[in-house]
Amino acid sequence: MNLTMPRVVLFWDIDGTLLLTGRAGIPALEGAAREIAGREVDLTGMRTAGLTDGGIVSMVLEDLGVEPTPARVETMLRSYEDKLPRHMKEADTGQVMPNVRAILDSLAERDDVLNLLLTGNTEAGAAVKLAHFGLDSYFSGGAFSVDAAPREEIAPRGRALARELL
Numbered sequence: 001m002n003l004t005m006p007r008v009v010l011f012w013d014i015d016g017t018l019l020l021t022g023r024a025g026i027p028a029l030e031g032a033a034r035e036i037a038g039r040e041v042d043l044t045g046m047r048t049a050g051l052t053d054g055g056i057v058s059m060v061l062e063d064l065g066v067e068p069t070p071a072r073v074e075t076m077l078r079s080y081e082d083k084l085p086r087h088m089k090e091a092d093t094g095q096v097m098p099n100v101r102a103i104l105d106s107l108a109e110r111d112d113v114l115n116l117l118l119t120g121n122t123e124a125g126a127a128v129k130l131a132h133f134g135l136d137s138y139f140s141g142g143a144f145s146v147d148a149a150p151r152e153e154i155a156p157r158g159r160a161l162a163r164e165l166l
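Here the numbering used here is used: position 1 in the sequence shown is 1, and no number is missing along the way.
For the record, the hints were derived by calculation from the structure and aren't laboratory data.
Computed from a predicted model, the values in this text were never measured in an experiment.
The beta-carbon is built from N, C-alpha and C at its ideal position, and this holds for glycine as well.
Hints are supplied without guarantee of correctness; some may be wrong.
As the list claims (entries may be wrong) - Across the chosen pairs, the derived CB separations fall in these ranges:
#1 P98 <-> P150: 28 to 34 Å
#2 R101 <-> A71: 37 to 43 Å
#3 E164 <-> D63: 34 to 40 Å
With these hints in hand, go ahead and build the complete structure from the sequences.
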């Protein structure tokens, strides 16, 4: 094995790039909303692509007429993260995207490549999804959605992490 330092940093998104969850996050979000707002909500028609977990939670709270304060968003995100593993196990339509495992296996053999995550998922949510499909060992860290912070803050955190690790 070559002991060179990584020279190439690859940033990976999760949903739709590495894997599909079969929308397992939707029932986890519904349960978290029920817990926080105290009423039923149907999110099956909600479009979540491109949104951060914090942004999704803020939208759900607003739709329920509940002010998305930082404390509420954080509480609902933690509830969602607690519920996600069970819903990942129950979902039967999730999958690793074609060729992803082979690509990651090939990259894992190289010392000059650093694989990092750059995703709108929370760190805990990302960990659940990756572990469910056995992809967690391929990544050296990442930049994630932090509560209700805007998506634009994620990439600069990823760049800072890459500099730190190189």
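Starting from the hint list further up, note which numbers the structure goes against and sort them upward.
Every hint satisfied by this model.
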